[in-house]
Amino acid sequence: MLTFASGAELLALAEKENLSLGTLALRWESEQERKPEAELKARMAEYLAVMRAAVERGLTGKDRSPSGLAGGRGRLVWEASGKARVGGATLARAAARALAVAEVNACMGRIVAAPTAGSCGIVPGVLFTVAEENHKDDEALVLALFTAGVIGQLIARRATLAGAAGGCQAECGAAAGMAAAAAVELAGGSPGQALAAAAISLKGSLGLVCDPVAGLVEVPCIKRNALGAANALTSAELALAGVESAVPFDEVVDAMAEVGRSLPREFKETALGGCAATPTGRAWKEKLCRPF
Amino acid sequence: MSGSGIFTIIGPVMVGPSSSHTAGAARLGWAARAILGTEPVAAAFYLHGSFAETGRGHGTDRALLAGVLGLGPADSRLPAAYRLAEAAGLKYAFYTQDLGDAHPNTVKIVLWGGDGSQVGVTGSSIGGGEIVITAVDDLAVEFSCHYPTLLTLHQDQPGMVARVSAELAAAGVNIAFMRVFRRARGGEASMVVEMDEDAPEQAVARIAALPGMRRVRVVKAVSAC
Chain A
1 MLTFASGAEL LALAEKENLS LGTLALRWES EQERKPEAEL KARMAEYLAV MRAAVERGLT
61 GKDRSPSGLA GGRGRLVWEA SGKARVGGAT LARAAARALA VAEVNACMGR IVAAPTAGSC
121 GIVPGVLFTV AEENHKDDEA LVLALFTAGV IGQLIARRAT LAGAAGGCQA ECGAAAGMAA
181 AAAVELAGGS PGQALAAAAI SLKGSLGLVC DPVAGLVEVP CIKRNALGAA NALTSAELAL
241 AGVESAVPFD EVVDAMAEVG RSLPREFKET ALGGCAATPT GRAWKEKLCR PF
Chain B
1001 MSGSGIFTII GPVMVGPSSS HTAGAARLGW AARAILGTEP VAAAFYLHGS FAETGRGHGT
1061 DRALLAGVLG LGPADSRLPA AYRLAEAAGL KYAFYTQDLG DAHPNTVKIV LWGGDGSQVG
1121 VTGSSIGGGE IVITAVDDLA VEFSCHYPTL LTLHQDQPGM VARVSAELAA AGVNIAFMRV
1181 FRRARGGEAS MVVEMDEDAP EQAVARIAAL PGMRRVRVVK AVSAC
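Sequence lines, in order, name chains A and B.
The opening position of the first sequence corresponds to residue 1 in our numbering, with each subsequent residue numbered one higher.
The opening position of the second sequence corresponds to residue 1001 in our numbering, with each subsequent residue numbered one higher.
Derived by calculation from the structure, the hints in this document are not laboratory data.
Being a predicted model, the structure only gives us computed values, none of them experimental.
Treat the hints with care, since some could be wrong.
[As the list claims (entries may be wrong)] A short list of chain A residues far from chain B (calculated; beta carbon distances all over 12 angstroms):
1. 49
2. 67
3. 76
4. 109
5. 114
6. 118
7. 148
8. 174
9. 245
10. 247
11. 250
12. 254
13. 269
14. 274
15. 279
[What the hints assert, rightly or not] Just some of the chain A residues that point at chain B, by a computed CB distance under 7 angstroms:
16. 25
17. 68
18. 72
19. 140
20. 142
21. 146
22. 288
Think of the CB as a built atom: it goes at the ideal place given N, C-alpha and C, for glycine as much as any other residue.
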């Protein structure tokens, strides 16, 4: 029976068995759930199809959210990505896809929580883009989703994935860490590089507050999905080049848990601080929050 | 929410924007419908706290209505709930109400069935799409809808718990969790029995026929939605 209580144990197991984190996660899930690996892969392939449909729908840019605040930005960035002048087309495409999925979520479309609805754009935004760059098929993408999932599992066990408990570092931060590790494996990196990418990524969003304007999953959440995608791509690139995380993954996650606990409640999804408490944020709240 | 590992992280598939204010709300509506046990013809929703304040922007109203219509949180028809309700002839009304010392994401749902039946269900969306039902017909209860659940309304008297559990045991149904609530000694009481299997209809009928039993409701597990 496979067991691991930490990233270090997961990595040791992957190296011992000579498996990627994604393959190991699939085997682990199969043992835990007593279901054949093929069935679990098929289920993940269905989730991948929902993610792909959300990207496509979001990139049409047609939907607007009930509040009127969200919609159409993913398409804007997508259309500009061909002549990206700063970070290149890959970065722009990943950002556009992440925005698109987060917009579909805000517009009451179907998405896959990854790990949450508010952060649902990062993993698909990064993975579809990295697969495109590296000519990887859906089989590889499905395994990459297992990689993302096992990183999320480790974060959930040692810290939290709820903005209400840990701030946005627990949602968009965690999603970026998951996407970074998955991107490394999708691009052919080692399990050690994948875990390093997750650690580097998580360090970049430590302390990120959850401050939704008018309490809605729109501002600043949607754009934070694009920024999370950029964080994941950068972290993966560093790790693939051989950069390690000076602070190991498990310790970063423990720091994340501590920071999350220490964050005042104003910054944990209560819509009482940060962007939500700015004059503009308050004005939107005034306009949008009409009781029944 | 099935599965213990990877699929609790990647997943569930849901209609956005919020697992608590949308997916959980749909489940609460679905659970209320399941507790009513028949096709509802009218629904009244009393939204409390954050549900009342931010519900419109989160589509909480549409999710609640969709749930009452029998739609699950991943059903892409959820945003069209108002139109679907009109097509189904379901009358509905939304109100803001302070439900007291309740979780911020709480709603009281009153449903009327075509057969004259009626039920009031209060429940909270506690995060990640998870729900807890806290009152049925104004009697305080507590269950998650993770399991098929048997709800009774009965006279508080010795032997009721034993008779109900004996009927379930005879039908081969394992009880996962069980709680008993009452208004006053000897008064109206309620049992919440969460089971590992669906209770066979005959067993439910025998429980309903027990002396002192006023009503029995069977609620399917929310994973069915």
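To see whether the hints hold, each was checked on the structure:
Annotated as non-interface, residue 49 of chain A brings its C-beta within 12 angstroms of a C-beta of chain B; the closest such distance is 10 angstroms. At roughly 5 angstroms from the closest C-beta of chain B, the C-beta of residue 67 of chain A falls inside 12 angstroms, breaking its exclusion from the interface. For residue 76 of chain A, the condition that its CB be more than 12 angstroms from all CB atoms of chain B holds, with the nearest at approximately 20 angstroms. Some Cβ of chain B comes within 12 angstroms of the Cβ of residue 109 of chain A; the nearest lies about 6 angstroms off, and the non-interface call is violated.
With a minimum CB-CB distance of about 5 angstroms to chain B, residue 114 of chain A fails to clear the 12 angstroms threshold, and the non-interface call is violated. Chain B draws residue 118 of chain A into its interface by the beta-carbon criterion, the shortest separation being 7 angstroms against a cut-off of 12 angstroms. With a cut of 12 angstroms on Cβ distances, residue 148 of chain A falls inside the contact zone with chain B, its closest approach being about 6 angstroms. Under the 12 angstroms C-beta cut-off, the non-interface status given to residue 174 of chain A relative to chain B is violated; the minimum distance is some 9 angstroms.
At roughly 21 angstroms from the closest C-beta of chain B, the C-beta of residue 245 of chain A stays outside 12 angstroms, upholding its exclusion from the interface. Every CB of chain B is more than 12 angstroms from the CB of residue 247 of chain A (nearest about 23 angstroms), matching its label as outside the interface. No Cβ of chain B comes within 12 angstroms of the Cβ of residue 250 of chain A; the nearest lies about 17 angstroms off, and the non-interface call holds. The Cβ of residue 254 of chain A sits about 19 angstroms from the closest Cβ of chain B, beyond the 12 angstroms cut-off, so the non-interface label holds.
At roughly 9 angstroms from the closest C-beta of chain B, the C-beta of residue 269 of chain A falls inside 12 angstroms, breaking its exclusion from the interface. Residue placement check: residue 274 of chain A keeps its beta carbon more than 12 angstroms from all beta carbons of chain B (closest about 16 angstroms). Annotated as non-interface, residue 279 of chain A keeps its C-beta farther than 12 angstroms from every C-beta of chain B; the closest such distance is 19 angstroms. Hint status for residue 25 of chain A: holds, given a least beta-carbon distance of 6 angstroms to chain B, under 7 angstroms.
Against a cut-off of 7 angstroms between C-beta atoms, the interface hint on residue 68 of chain A is violated, since the closest Cβ of chain B lies about 10 angstroms away. The criterion of a C-beta within 7 angstroms of any C-beta in chain B is not met by residue 72 of chain A, whose closest approach is roughly 16 angstroms, and the hint is violated. Because the smallest distance between the Cβ of residue 140 of chain A and any Cβ of chain B comes to about 15 angstroms, over 7 angstroms, the interface hint for this residue is violated. Because the closest C-beta pair between residue 142 of chain A and chain B is about 10 angstroms apart, greater than 7 angstroms, the hint is violated.
Because the smallest distance between the Cβ of residue 146 of chain A and any Cβ of chain B comes to about 6 angstroms, under 7 angstroms, the interface hint for this residue holds. For residue 288 of chain A, the shortest C-beta to C-beta distance to chain B is roughly 5 angstroms, which falls under 7 angstroms, so the interface hint holds.
When the structure is compared with the earlier hints, violations turn up for hints 1, 2, 4, 5, 6, 7, 8, 13, 17, 18, 19, 20 and for no others.
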